[in-house]
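Following the hints, complete the assembly by docking chain B onto the known chain A.
For the protein sequence lines, the chains are A and B, in the order given. Quick note on numbering: the first sequence equals residues 0 to 151 in numbering that gives the first Met the number 0. Quick note on numbering: the second sequence equals residues 0 to 151 in numbering that gives the first Met the number 0.
Be aware that a few hints might be false.
Treat identical chains as interchangeable: a pair holds within one or across any two.
Said to hold, decoys possible - Okay, derived cross-link-like pairs now, SDA-like style, lysine to any residue, Cα gap no bigger than 20 Å in a straight line: (1) 148 to 87; (2) 146 to 134; (3) 75 to 51; (4) 119 to 70; (5) 150 to 87; (6) 112 to 59.
Read the hints as simulated data drawn from the structure, not as lab findings.
2 protein chains.
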Amino acid sequence: MKKIATALILAGCAGVVFAQQGPKPEDLIKWRQSGYGFMAWSVVRIKSNVEGQYNKDEVVQAANAIQAIANSGMGKLYAPGTDKGKGWEETRVKPELFADKEAVGKVAMAFNKEANEMAKVAAEGDAAAVKVQIGKLTETCKGCHDKFKRKD
Amino acid sequence: MKKIATALILAGCAGVVFAQQGPKPEDLIKWRQSGYGFMAWSVVRIKSNVEGQYNKDEVVQAANAIQAIANSGMGKLYAPGTDKGKGWEETRVKPELFADKEAVGKVAMAFNKEANEMAKVAAEGDAAAVKVQIGKLTETCKGCHDKFKRKD
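Isolated chain A (complex conformation) (with noise of 0.2 Å):
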């Protein structure tokens, strides 16, 4: 009898103990599909201003979110079973993400290190230094999304 009380009250209490268990796969999908996603607004943002009018504030904020967001330890979102499902859509990650570490710490150093750099070149407002590294970062991704990211 205490058994059953005792399953009801957890069944009741489901909430509490998915929190305890922390968050589910495609909680971790859409999470990181969301930084991705807002990482893309700030790339279009830093692009329209080295080839139209530059405005230095707003480089400056889409550079911090970047930077920001790169230096999160984005590396979380990828934890076991996440490498199928949804989020805010289907994953397109591949499996090579989750067996070669070596290779993934290797885009993710080169992307953090010019993520970095983003942000310190654009405080400095020089347009044509941001023109230079938007390019470089971009690579970065590119680098990364051609390893890791199916293309479908």
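Here is chain B on its own, set in the frame of chain A:
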């Protein structure tokens, strides 16, 4: 004949023409949903640190991401034409957000203030203070959701 040729060339360059016109409303909606999605992860991380084992570095990463996104000028993602439509999902923004600029300014300023304070408190590393501050911050999230986000 020249007109037809020009029309064909323009049709072929639709991507370029689009790029000059700026992002589509559905992109703006997707990007703002991404910003909130990434901040949701960051809030979950901070809460799980103050309720469980405390890791200063993780809290700083999460708080810095919230701060940078909060200060990125997300107001631009609420351009005309983004009151309805689908980004990652159908927007749940209420019409009031586009009508009552004074009220929007108030909730946005309250949120930014607490997000900046959150980053400061996280850097100091006092778990009890972080617990108080994440409470203040999420109150400002709720304040905006209550006014400007549909519950469906």
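So, going through the hints one by one against the coordinates:
For the identical chains of this complex, residue 148 and residue 87 are neighbours both inside a copy (16 Å) and across copies (19 Å), given an alpha-carbon limit of 20 Å. Within a single copy, residue 146 and residue 134 get their C-alpha atoms as close as 19 Å, which meets the 20 Å cut-off; across copies the closest is 40 Å, which misses it. In this assembly of identical chains, the alpha carbons of residue 75 and residue 51 lie at most 20 Å apart only when taken from different copies (17 Å versus 37 Å within one copy). In this homomeric assembly, residue 119 and residue 70 come within 20 Å of each other (Cα to Cα) both inside a single copy, at 14 Å, and across copies, at 17 Å.
In this assembly of identical chains, residue 150 and residue 87 lie within 20 Å of each other by CA distance both inside one copy and across copies; the values are 17 Å within and 18 Å between. In this assembly of identical chains, the alpha carbons of residue 112 and residue 59 lie at most 20 Å apart whether taken from the same copy (17 Å) or from different copies (19 Å).
Violated hints are absent here; each numbered hint is respected by the structure.
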